[in-house]
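> Chain order of the listed sequences is R and E. Add 36 to the 1-based position in the first sequence for the numbering used here, that's all there is to it. Add 7 to the 1-based position in the second sequence for the numbering used here, that's all there is to it.
Simulated from the structure, these hints should not be mistaken for laboratory data. Just so you know, these numbers come straight off a predicted model, no measurement behind them. Note that the Cβ used here is the ideal one computed from N, Cα and C, for glycine as well. It cannot be assumed that every hint is accurate.
Unchecked claim - Cut-off 27 Å, straight-line C-alpha distance, at most; resulting in silico cross-link-like pairs (DSS-like, lysine-lysine):
id: 1; chain 1: R; residue 1: 109; chain 2: E; residue 2: 90
id: 2; chain 1: E; residue 1: 49; chain 2: R; residue 2: 114
id: 3; chain 1: R; residue 1: 109; chain 2: E; residue 2: 85
id: 4; chain 1: R; residue 1: 91; chain 2: R; residue 2: 106
id: 5; chain 1: R; residue 1: 91; chain 2: R; residue 2: 114
id: 6; chain 1: E; residue 1: 85; chain 2: R; residue 2: 106
id: 7; chain 1: E; residue 1: 111; chain 2: R; residue 2: 114
id: 8; chain 1: R; residue 1: 109; chain 2: E; residue 2: 64
id: 9; chain 1: R; residue 1: 91; chain 2: R; residue 2: 109
Said to hold, decoys possible - Just some of the chain R residues that point at chain E, by a computed CB distance under 7 Å:
id: 10; residue: 79
id: 11; residue: 80
id: 12; residue: 81
id: 13; residue: 84
id: 14; residue: 142
id: 15; residue: 145
id: 16; residue: 147
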Amino acid sequence: AQTVTQSQPEMSVQEAETVTLSCTYDTSESDYYLFWYKQPPSRQMILVIRQEAYKQQNATENRFSVNFQKAAKSFSLKISDSQLGDAAMYFCAYRSARSGGTSYGKLTFGQGTILTVHP
Amino acid sequence: EPEVTQTPSHQVTQMGQEVILRCVPISNHLYFYWYRQILGQKVEFLVSFYNNEISEKSEIFDDQFSVERPDGSNFTLKIRSTKLEDSAMYFCASSSTGPATNEKLFFGSGTQLSVL
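Produce the complete structure using the sequences and hints provided.
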């Protein structure tokens, strides 16, 4: 079974600065997808960024980028020019790329990292 | 952007009672999911549903739980006899394509279930 670990329960950053959230995962599969979700106080789950394991190039979405290290099974999220609205719980998640089988589309989440942004 | 709608936003029930949580997925989506999040803990997969049947379920999804898509638009989660430990936020999600893609899951805003 796949597991996802976020070792930082809480992180903080000054507005306009950069912060990196860590995520590691364990899997025996070679083909999969990785995601970062943001959960603000409203508790809605919002997709921030996604990465296909077969792609070597790191995904970027505006101020958000990832550092995907497949061999190390590491998938960190970098937030540049942090804004007050970035304050939230961030979840790293894994999804198998195999159809059918025992992992039919489910996301496996890490424990989450609470990000505080100081003005 | 299209939305997954969940009702009610809050549900309070007595232990042992049956509850039905309702979701309206995005209209052209084919894959449906329920997840739950106990306060302060990680989001956990419950069940996936495709082509009018369960595709996969977790060990949490025991005989007390059932899902249904009764009318082609709603997707419901029923808990037959609620326990205190069922208190959690329940999220519905849907996607248009299957697991072998990077298609994102669209999540609803959740139903906070409190079992007293």
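> All the hints need checking, so say for each whether the structure fits it.
Do the hints match the structure? See the list:
Simply put, residue 109/R and residue 90/E have alpha-carbon atoms about 37 Å apart, too far for the 27 Å limit, and the pair is violated. The straight-line distance between the Cα atoms of residue 49/E and residue 114/R is roughly 21 Å, inside the 27 Å bound, and the hint therefore holds. Restraint check: the Cα-Cα separation between residue 109/R and residue 85/E comes to about 37 Å, which exceeds 27 Å; the hinted pair is violated. Taking the CA atoms of residue 91/R and residue 106/R, the gap is near 10 Å; set against the 27 Å cutoff, the hint holds.
Note on residue 91/R and residue 114/R: the hinted pairing holds, with a Cα-Cα distance of about 18 Å set against a maximum of 27 Å. Of the pairs offered as hints, the one joining residue 85/E and residue 106/R is violated, with about 39 Å between alpha carbons and a cut-off of 27 Å exceeded. With a C-alpha separation of about 20 Å, the suggested pair residue 111/E and residue 114/R falls inside the 27 Å cut-off, and the hint holds. With a CA separation close to 26 Å, the supplied pair residue 109/R and residue 64/E stays within the 27 Å bound.
For the hint pairing residue 91/R with residue 109/R, the CA-to-CA distance comes to about 14 Å; that is within 27 Å, so the pair holds. Interface hint status for residue 79/R: upheld, as the beta-carbon distance to the closest one in chain E is roughly 5 Å, under 7 Å. At a threshold of 7 Å, the smallest CB-CB gap from residue 80/R to chain E is about 5 Å, leaving the interface hint in force. At its closest, the beta carbon of residue 81/R sits 4 Å from a beta carbon of chain E; the interface hint therefore holds under the 7 Å criterion.
Among the interface hints, the one on residue 84/R is violated; its C-beta lies about 10 Å from the nearest C-beta in chain E, farther than the 7 Å criterion. The closest approach between the C-beta of residue 142/R and any C-beta of chain E is roughly 4 Å, which is under the 7 Å cut-off, so the hint is satisfied. Taking 7 Å as the C-beta contact cut-off toward chain E, the hint placing residue 145/R at the interface holds, the least distance being around 4 Å. A cut of 7 Å between beta carbons decides the hint on residue 147/R: the least distance to chain E is about 5 Å, and the hint holds.
Hint violations for this structure: numbers 1, 3, 6 and 13, all remaining hints satisfied.
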